[in-house]
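Participant: Spelled out, the chains give:
Protein chains: 2
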Amino acid sequence: MPKMTLKKIASELEVSISTVSKALKDSHEIGEETRKKIQAFAALYNYKPNNIALSLKNQRAHTIGIIIPEIVHHFFTTVIQGVEQEANARGYNVVIGLSDESFAKEVHNMDTLANGSIDGFIISVAKETLLKKDYHHLRETMNQGMPIVIFDRDLPDIDTDKVVVDDVRGARTAVSYLVDQGCKRIGIITTNDHVNVGKLRYMGYQKALNDAQFTEDPKLILKLDDDMDSVSRSEDLGAAISNYLEDNSDLDAIFAVNEIFAIAAMNAVKQSGKQVPEDVKVVGFTDGLLSKYAQPPLATVSQHGHEMGKRAAQLLINRIENDDPDDAYQTLVVQTELIPRASAAK
Amino acid sequence: MPKMTLKKIASELEVSISTVSKALKDSHEIGEETRKKIQAFAALYNYKPNNIALSLKNQRAHTIGIIIPEIVHHFFTTVIQGVEQEANARGYNVVIGLSDESFAKEVHNMDTLANGSIDGFIISVAKETLLKKDYHHLRETMNQGMPIVIFDRDLPDIDTDKVVVDDVRGARTAVSYLVDQGCKRIGIITTNDHVNVGKLRYMGYQKALNDAQFTEDPKLILKLDDDMDSVSRSEDLGAAISNYLEDNSDLDAIFAVNEIFAIAAMNAVKQSGKQVPEDVKVVGFTDGLLSKYAQPPLATVSQHGHEMGKRAAQLLINRIENDDPDDAYQTLVVQTELIPRASAAK
DNA sequence: AAGACCTACGAAAACGTTTGCGTGTTGATA
DNA sequence: TATCAACACGCAAACGTTTTCGTAGGTCTT
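Protein chains in written order, with my numbering: chain B, 17 to 362; chain W, 17 to 362.
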């Protein structure tokens, strides 16, 4: 049987549409007999109210959009999971948009979604957007009255709700841990400066060195292209790190700003004939599968993506539901957690 | 400025709604002067037609739903990526539903989406659904006229479009490869029988042994709970495999039906003092990050999730757009590919 | 017996859009 | 000058809901 509507039920049962609507809501306005009859009929034909019509009427789609740079990425999937869980619990659906780290795709995605299809956005902007510093699409969307929650990659220029990682603190804790393990020559493998999380984690590294009264040695700092973490460039990555290791034979620890860099570093160290953690200790960032199943397991900084997603969804839905303009924007900082594993053991 | 509508533009410019609508579509019915004026005004205020209203009118949401058991899972994310790419190219959005391998959540997800919000489903059913063999939600949805494409986990009882992996063939190729590498005692680590992909891959294993005229040895077959691939059970997993290795000291190769089992097997082999691939060769299934960055890199069977997603989306959108009931259902078999890597080298 | 009051239902507007059709005005033609 | 296109625009229905309001008919009160 094709889809049922109030109208079809009404004509079938020879009553008016409003009678059907009310009966299905158990309104006392409708007599018991009619009510039961309508309910039975609706149940029989598996009637479900049309969501689109409801969205149009209520001016609310009960749907939130999440835009992320990449989906084949452990951290982002945990965030989605958190968002979906919270959203579902509160009666919202989730639609995804992938920017592929491209500014144009990000803009396009927002454009096609911000037409009533969704009630608000959760977004982590593309690297290209970070580079261009062009946020007009975010501003325009917000001006139309659509709330946005930014997560992970912070945009200081944009004033809205945010859920961010304490990258500086996480990195600082990780590097301090290496200091505590007795490491003296601690290197860092990070990204170009325009990727703000890389920059922040680098700052954490500097702070930790400072805390330990170590002087920063430029030789120990390896800055890589931000696309080096893609599978297609894994050979370049390995080569770059191997070179770096050759230049720093006295290095006894590495802090990497992401999981891929960390694993690649571990592999390169092993290939150079040294041992992890005996000769070189390694700590990464992002607690994904790679870290857990690495040999030795990789000590790392967990960002609690699931928690971030959940919080972001809470912030967004709260804002959607009490549309109070005086409600000040919040920035939630989700604390990181150092997961000590064998790769950085004494 | 809050969101613009045709009505607001119309009242602002003192013309009728239909005039505005037509002007924005460059209709020749509207005089040049009025047309330009309306277009300029609309552009200035960043007018975008309301998607919900369009969906209601056109009885088409231009949105497809994808329901998967888990999102923190490399294979499924590659599928999503493929779906999203194809969908976007054809003007569709993608909403996700996560079943968490739970039957109830799967049903609930379908119910809340199948109300007009989406035009069709792409789904890989939960393990619990496989176990219960209760497909009423799929049947009901299809009866309402909503097309469904099933992927990965096939449901022979359900007649609809499908995109599946050639699990038997993939496994057979993998195991034959091990035979070619000179292995004589090839073990398999698989799941319980109700997970059909596990079962199919086991069948492929049997066929390959048969091809090589090896006799199957029950001792070499390790069947594990299907939730053993979750991080929370990684210790159980390691222990189970270590036991298995002890019982099979003469084993010289392992075929694992998923990536986690394969990595765990490699780790267990190494811990037992043996070497991969010299003493024991390992081949997995699913070409995820773990395989690529493992040490040694893990030979594996790629399922081409991206391709599967793309095909599934094509099938679905074609069916949505030419709603031809005589159009026979198709089952697309996406061929697997053996990726030979160091873990299975001679 | 006449007014007041329930009870049980229907009409209609609204959400924002598209589109077939109707219509008033203009200019040209016969 | 009467007729007729062509032009430029407006009306209204439709998609499926919800909800406010209106109103028949019946029951109760005095």
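Incorrect hints may appear among the rest.
Copies of the same chain are indistinguishable here, so a pair counts whether it falls within one copy or spans any two.
[Unchecked claim] No more than 27 Å apart at the CA atoms, straight line, and that leaves these computed lysine-lysine pairs for DSS-like:
id, residue 1, residue 2
1, Lys-23, Lys-41
2, Lys-308, Lys-286
3, Lys-73, Lys-19
4, Lys-41, Lys-148
5, Lys-362, Lys-53
6, Lys-149, Lys-52
7, Lys-64, Lys-148
8, Lys-362, Lys-235
9, Lys-41, Lys-121
10, Lys-19, Lys-121
11, Lys-64, Lys-121
12, Lys-64, Lys-41
13, Lys-235, Lys-200
14, Lys-41, Lys-52
15, Lys-41, Lys-73
16, Lys-215, Lys-41
17, Lys-286, Lys-362
18, Lys-53, Lys-223
19, Lys-235, Lys-215
20, Lys-239, Lys-308
21, Lys-52, Lys-64
22, Lys-200, Lys-149
23, Lys-19, Lys-149
24, Lys-52, Lys-239
25, Lys-290, Lys-362
26, Lys-38, Lys-200
Just so you know, these hints were derived from the structure itself, not from any lab.
Participant: Indicate, hint by hint, whether the structure satisfies it.
Facilitator: How the hints compare with the structure:
1. With identical chains, the CA atoms of Lys-23 and Lys-41 are at most 27 Å apart within one copy only, with a shortest distance of 15 Å there and 32 Å across copies.
2. Taking the shortest Cα distances, Lys-308 and Lys-286 sit within 27 Å of each other both inside one copy (18 Å) and across copies (16 Å).
3. Taking identical chains as interchangeable, the C-alpha atoms of Lys-73 and Lys-19 lie at most 27 Å apart whether they share a chain (20 Å) or sit on different chains (16 Å).
4. In this assembly of identical chains, Lys-41 and Lys-148 lie within 27 Å of each other by CA distance neither inside one copy nor across copies; the values are 52 Å within and 33 Å between.
5. Neither within a single protomer nor between protomers do Lys-362 and Lys-53 lie at most 27 Å apart by alpha-carbon distance, with minima of 75 Å and 74 Å respectively.
6. Within a single copy, Lys-149 and Lys-52 get their C-alpha atoms no closer than 60 Å, and across copies no closer than 33 Å, so neither meets the 27 Å cut-off.
7. Proximity of Lys-64 to Lys-148 under the C-alpha cut-off of 27 Å is restricted to the inter-copy arrangement: shortest distance 25 Å between copies versus 46 Å within a copy.
8. In this homomeric assembly, Lys-362 and Lys-235 come within 27 Å of each other (Cα to Cα) only inside a single copy, at 25 Å, whereas the closest approach across copies is 40 Å.
9. In the homo-oligomer, the alpha carbons of Lys-41 and Lys-121 lie at most 27 Å apart only across protomers (25 Å), although the nearest pairing inside one protomer, at 43 Å, exceeds that limit.
10. In the homo-oligomer, the alpha carbons of Lys-19 and Lys-121 lie at most 27 Å apart only across protomers (22 Å), although the nearest pairing inside one protomer, at 35 Å, exceeds that limit.
11. Proximity of Lys-64 to Lys-121 under the C-alpha cut-off of 27 Å is restricted to the inter-copy arrangement: shortest distance 18 Å between copies versus 35 Å within a copy.
12. In this homomeric assembly, Lys-64 and Lys-41 come within 27 Å of each other (Cα to Cα) only inside a single copy, at 12 Å, whereas the closest approach across copies is 34 Å.
13. Taking the shortest Cα distances, Lys-235 and Lys-200 sit within 27 Å of each other inside one copy (14 Å), while across copies they are farther apart (50 Å).
14. Proximity of Lys-41 and Lys-52 under a CA criterion of 27 Å is satisfied intra-copy only: 11 Å inside one chain copy versus 48 Å between copies.
15. Proximity of Lys-41 and Lys-73 under a CA criterion of 27 Å is satisfied in both settings, with 17 Å inside one chain copy and 25 Å between copies.
16. Neither within a single protomer nor between protomers do Lys-215 and Lys-41 lie at most 27 Å apart by alpha-carbon distance, with minima of 56 Å and 47 Å respectively.
17. Taking identical chains as interchangeable, the C-alpha atoms of Lys-286 and Lys-362 lie at most 27 Å apart whether they share a chain (17 Å) or sit on different chains (21 Å).
18. Taking the shortest Cα distances, Lys-53 and Lys-223 never come within 27 Å of each other, neither inside one copy (72 Å) nor across copies (59 Å).
19. In this assembly of identical chains, Lys-235 and Lys-215 lie within 27 Å of each other by CA distance solely inside one copy; the values are 17 Å within and 53 Å between copies.
20. In the homo-oligomer, the alpha carbons of Lys-239 and Lys-308 lie at most 27 Å apart both inside one protomer (25 Å) and across protomers (23 Å), since each shortest distance falls under that limit.
21. With identical chains, the CA atoms of Lys-52 and Lys-64 are at most 27 Å apart within one copy only, with a shortest distance of 17 Å there and 43 Å across copies.
22. In this assembly of identical chains, Lys-200 and Lys-149 lie within 27 Å of each other by CA distance neither inside one copy nor across copies; the values are 38 Å within and 60 Å between.
23. Only between protomers do Lys-19 and Lys-149 lie at most 27 Å apart by alpha-carbon distance; the minimum there is 25 Å, versus 47 Å within a single protomer.
24. Proximity of Lys-52 and Lys-239 under a CA criterion of 27 Å is satisfied in neither setting, with 71 Å inside one chain copy and 52 Å between copies.
25. For the homomeric pair Lys-290 and Lys-362, the shortest alpha-carbon distances inside one copy (15 Å) and between copies (25 Å) are both at most 27 Å.
26. When the C-alpha separation of Lys-38 and Lys-200 is checked against a cutoff of 27 Å, the pair qualifies neither within a copy, at 75 Å, nor between copies, at 72 Å.
Hints 4, 5, 6, 16, 18, 22, 24 and 26, counting from the list given before, are not met by this structure.
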